[in-house]
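Asker: Heads up: the sequence lines are chains F, W, D and C, in that order.
Counting from 1, position 182 in the first sequence corresponds to residue 182 in full-length UniProt numbering; the numbering is continuous, with no gaps.
Counting from 1, position 200 in the second sequence corresponds to residue 200 in full-length UniProt numbering; the numbering is continuous, with no gaps.
Counting from 1, position 146 in the third sequence corresponds to residue 146 in full-length UniProt numbering; the numbering is continuous, with no gaps.
Counting from 1, position 280 in the fourth sequence corresponds to residue 280 in full-length UniProt numbering; the numbering is continuous, with no gaps.
Among the hints, erroneous ones may be present.
No copy labels: a pair is met if it fits in one copy or bridges any two.
To be verified - 20 Å max Cα-Cα, derived DMTMM-like pairs, lysine to aspartate or glutamate:
no. : residue 1 : residue 2
1   : Lys-327   : Asp-371
2   : Lys-2     : Glu-48
3   : Lys-266   : Asp-230
4   : Lys-293   : Asp-132
5   : Lys-117   : Glu-281
6   : Lys-363   : Glu-227
7   : Lys-133   : Glu-16
8   : Lys-300   : Glu-16
9   : Lys-327   : Glu-281
10  : Lys-45    : Asp-158
11  : Lys-5     : Glu-281
Please keep in mind that the hints were generated in silico from the structure rather than gathered at the bench.
Here are the chains, one letter per residue:
4 protein chains.
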Amino acid sequence: MKDNKKLRMYALSEIEHVKIHGRTAGNRSPLALFWTGSGIELNAKGSELWVEVEVDYRMYEPWISILVNSVPVSRQMLTAGRYWVCVFRGMDENKIKNVRIVKDVQAMSGDTDCVLKIHTLKFDGVFMPVPDKPYKVEFIGDSITSGEGAIGAKTEEDWIPMWFSAVHNYTAMTAAALNADYRVISQSGWGVLTGWDNNPHSNIPDYYEQVCGLLAGENNKALGAFEEHDFASWQPDVVVVNLGTNDGGAFNSPEWSDPATGETHKQRRNEDGSYREEDLEAFVQAACAFLVKLRRNNPKAHIIWAYGMLGIPMMPAIYCAVDLYMKSTGDQRVSVFQLPNMTEETAGSRTHPGAMAHEHAAKELSGYIKDILASKI
Amino acid sequence: MKDNKKLRMYALSEIEHVKIHGRTAGNRSPLALFWTGSGIELNAKGSELWVEVEVDYRMYEPWISILVNSVPVSRQMLTAGRYWVCVFRGMDENKIKNVRIVKDVQAMSGDTDCVLKIHTLKFDGVFMPVPDKPYKVEFIGDSITSGEGAIGAKTEEDWIPMWFSAVHNYTAMTAAALNADYRVISQSGWGVLTGWDNNPHSNIPDYYEQVCGLLAGENNKALGAFEEHDFASWQPDVVVVNLGTNDGGAFNSPEWSDPATGETHKQRRNEDGSYREEDLEAFVQAACAFLVKLRRNNPKAHIIWAYGMLGIPMMPAIYCAVDLYMKSTGDQRVSVFQLPNMTEETAGSRTHPGAMAHEHAAKELSGYIKDILASKI
Amino acid sequence: MKDNKKLRMYALSEIEHVKIHGRTAGNRSPLALFWTGSGIELNAKGSELWVEVEVDYRMYEPWISILVNSVPVSRQMLTAGRYWVCVFRGMDENKIKNVRIVKDVQAMSGDTDCVLKIHTLKFDGVFMPVPDKPYKVEFIGDSITSGEGAIGAKTEEDWIPMWFSAVHNYTAMTAAALNADYRVISQSGWGVLTGWDNNPHSNIPDYYEQVCGLLAGENNKALGAFEEHDFASWQPDVVVVNLGTNDGGAFNSPEWSDPATGETHKQRRNEDGSYREEDLEAFVQAACAFLVKLRRNNPKAHIIWAYGMLGIPMMPAIYCAVDLYMKSTGDQRVSVFQLPNMTEETAGSRTHPGAMAHEHAAKELSGYIKDILASKI
Amino acid sequence: MKDNKKLRMYALSEIEHVKIHGRTAGNRSPLALFWTGSGIELNAKGSELWVEVEVDYRMYEPWISILVNSVPVSRQMLTAGRYWVCVFRGMDENKIKNVRIVKDVQAMSGDTDCVLKIHTLKFDGVFMPVPDKPYKVEFIGDSITSGEGAIGAKTEEDWIPMWFSAVHNYTAMTAAALNADYRVISQSGWGVLTGWDNNPHSNIPDYYEQVCGLLAGENNKALGAFEEHDFASWQPDVVVVNLGTNDGGAFNSPEWSDPATGETHKQRRNEDGSYREEDLEAFVQAACAFLVKLRRNNPKAHIIWAYGMLGIPMMPAIYCAVDLYMKSTGDQRVSVFQLPNMTEETAGSRTHPGAMAHEHAAKELSGYIKDILASKI
């Protein structure tokens, strides 16, 4: 191999023109990436670019995708260690390449050791400004929004990072269709009131106001994951909430028993199979309270509850919650949108939406959001 | 990171159940991968698998794609060095995963240092047999067959390995549609008589009978690239020749002058723009001679000259060549097939066919081959 | 022309094996077709078939489509008069042809003279039984369900029968996907509480229990249009209500003033553009009352309120109405489904859904209904 | 029915602004339509339009399609008699409607009584000029070009006009993509040298220079079908010859024996299944002679032999013929293009290409012609 003598090292913190995607605690030396879809974006005028990552985990390793001029060209598992990854080499040094390095896997609440940090870049050119897109969108969701199953054969059943994708994901596709910057807050199996297993702690709203509060452990604390998120720093035009699928699933799961306290929780069905009114009502109250919290932190956003890629059993309750919220607050900038259901044809791995289901959802959702942004609705 | 204590090392040569794709010189310690689409395939029953690669280059680095159960899950640049790449981890140890590790870039005739070797596997399970597919297909071609431009934005113009793909490629897609094992012999810019630049040395036929004779240098010699290929070891049912595009391009390029001898070569046009008869005739003779060579080495194969993804100016000459060959030999198992032209919609990077153009070509070509294999033609 | 001497005349009433589609008053000599999608279906074993129609109108002429073995082969305007239309000729007399003659235009509430009657068939073969399909579906709707705009160039603006289609219509497509017989009750511009123009008489519920009560005039009275419909004769498994689009439109239209009484009606907006609560509530009550009426007449059906092909502003009110109905009756077999929005790409004529929008809606809706019929929901 | 008092009668011959499609003998009182795709085109500013047709046949009745603003809105069988067909009514009298009335069925060489004449129009408005399109294309072919099987269920086997379409046809689609006026010369079962059944009289070239010489009988004589065609009146930019499919089929059919003379004809295979050289050569000579005839009559046209929708066994012979023609004449403006093969998915009725196969062919062919018209080839 011939060395490129022109390469220079840049601590990420000293690069003026880098756009950071995803919530962070502010530290850039190094930059910790928490959420799926988070990462860095550069307009790099030069021939060769490397990025230095630091990675660890007990169970769930991170993956990244690299996009050059908006096209995914690389996707790879990041094994443990601190090392250099080459982003591109041998390119025309006079042309500007838009580069995004994207975390392809969700924040891992089940693995306190899981960490992905970006330390340094090695480059032989100049970093040019990365302008903001005209819109900002925040997506909040569960496994669907984490892109679980968006890659891989239909037969795959392992719960591993390999099957997650931030790129073949309705979030990225919707943002691209809207020409928007975007962020994702998501966790597989979690809900508004409880997780799929009736665990009341697996709820997104409790952690929404922290940088990445659903993580645990000293490592993540040191990285600032539990700090209060600075909402003023990034105000979305649209917030998409894609939650409810696991709250619905809880009605089909056994009760959850807290190993610490012995307390149990269970969303129950009536004998005819319908959902128990008081349990639904608990969901409605939780969803309504979440809307209050979302509005408080995102004063200018249109909030869309978007739901339906894996069935719509909770839709009446979601409409009730939004109705309750709107009547009690007078807030008109909230609406509900049904996403198209996954079909056999569009299913991915782990009986989750595949890339085609995500495309389908993005097409419908972005059409709806465009009308809202054009003030048609 | 928690170490997996069950991992064991296996030199590739000691693994009974590994299928090698692509021509090799027989050595397995290590295995050198030359051609695009070459690689190893395993049916791996275990939870974690690593592969040790050794990589070097002066200019053009290799890339690999990893397919798990036939779905591409990873694609990455391989930078210089000898190191381990994790294929999968954390999977159900009792399930068999079909894994293919595929060289995504063509043999690099322009970089004598370019090498990709596979040494060792690290695995915690058992390798199961990988049965042969019912058919074998060999593809012979140029940049189209090398998948140049099958990945990347339309605006990309750099000639770099990043834009090559063996996976989003009509060769892989056609083989999948036919349920066939396949091999590829290809080189960007090369032709039957000359390359795009009128260089008469850039012709595939001269090197067809070596393992990978279009490479150069001592490294490749040591790896066996220039040895005679053992055709008996792998007899295709179908040979697809996708050459002629660069022979056509030569009519539009300046003459080529041999830096050593000063000899020049040029395929010429008449004043009205048509191709000079004697220059076309030289192509016809070269193509006919190549068919003789193909038949000698592939006695049972149906040979298909498939051409047209970047226009069809040479098609009359190709038909002439095949007609001449058939009449002079009596061989009936040769035919010509026009591939669908790339359109603005289906173009990839470097004004070459994109993934959609490859899909389109694979659909038409595999339909045609199916009819042949069913003896309908 | 050579006469076919084997042709025999059959009054429709004397044919045992004819399936009548659409609500009728029972008379078969002749048979009056009221609703879009109504018609006759035959399994005709013979070579030549004619049908005698009687047609009149003041403004809006009827159109028919003819389907042979489920494929539309003919579509034509029926001008005034009593005359013969040839369905097929010259066919193999020993093969059974499934033939459907379908009214392609809605019942015309605005033209008391509009009538389409079928008197007699001329045939040279045998009519074979036409078995019932495994399911029955009733669709209730407005212009969308009438297929207004499903044919014709995007620029068309005339309100004429030419642009209506019962065939390129989500109703027919959904029924085909479900393998169901189906009926349609629909009227352009009408709603649940009022029409698009705030006219409170343009509501479907008031006329739902008559054969075709929204028509007027002595002709239609004589044909039995105002008789009570015999619900027992045809009990659907699913009732799809696609109403609300015009109720939503009324909020944007000027007030309607009754020419007879001077009474006015208007669905009003608040200053911030939102819908007035009491006016929405009137819609909710009307929708809830309609559900009560639907259930009374269709005891075994799953009722689906399907809405959204031209936006979803009324969706919250629809959910409220269904919630109110379910809570007040305990009836669980009612649900709401959002149909995919028309896009610029899928628009037809008269800024209404085109054939592609209908296909899109049918795909989503039939997927949802299949799950219901399979008792998954 | 209310009479439209403003309707006035116009003999077709007295209308200045009517565009006639298809070859005719010049007579306009009435206008006889011979070929599929022939018809009249109007830019009609008025509210109501009728056309008076005169129809007869012994076996094969004509069908027409009506297109309003380029969209097919009506398709109907025309039974024997002289009568009025309403084209549109009730439309905005101030808007111009582009109307085409198109013969949907080929000239019927097997039915001397078959005739379709247009006498008179009834209209309440003004006929505006119909400008010529920028290009003219002539299509010459067999059943594929006649649109046999482009409509109807896959199971249909009757040879009847119902399954023919001039609209869902690659000819119409290619012309639309090129923004070209077009004409069609075609006959099911016919070829260059012989028909599918080895009948040497079923060849298009012998009749190419007459208005519609492949018809027979006194009726057609009186209508001018056998007159010499005035090529100067309509000079195409492109001639597409889609012949060869039946010449290929002849190799699989029994010999044809002339009932009059007892002479026989047969295209023969060798024992190994290949085509006999001298029989192929007869085809090559016939095809070459046809090219000479085409060039004589169409001096400025690029001639494209387009073949392949039902397999490509004759392609080598077609290339030979074109090569022979080009070498013997020096004419460079001739080329060969392979059309995409019909698949199971795209098949229509009578195992002929369906509408999807025609769309596919039109897409490829129009792309190729665009390049030629842009002088790229």
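Asker: Please name the hints from earlier in the document that this structure breaks, with their numbers sorted from lowest to highest.
Answerer: The structure breaks hints 1, 3, 4, 5, 6, 8, 11; every other hint is satisfied.
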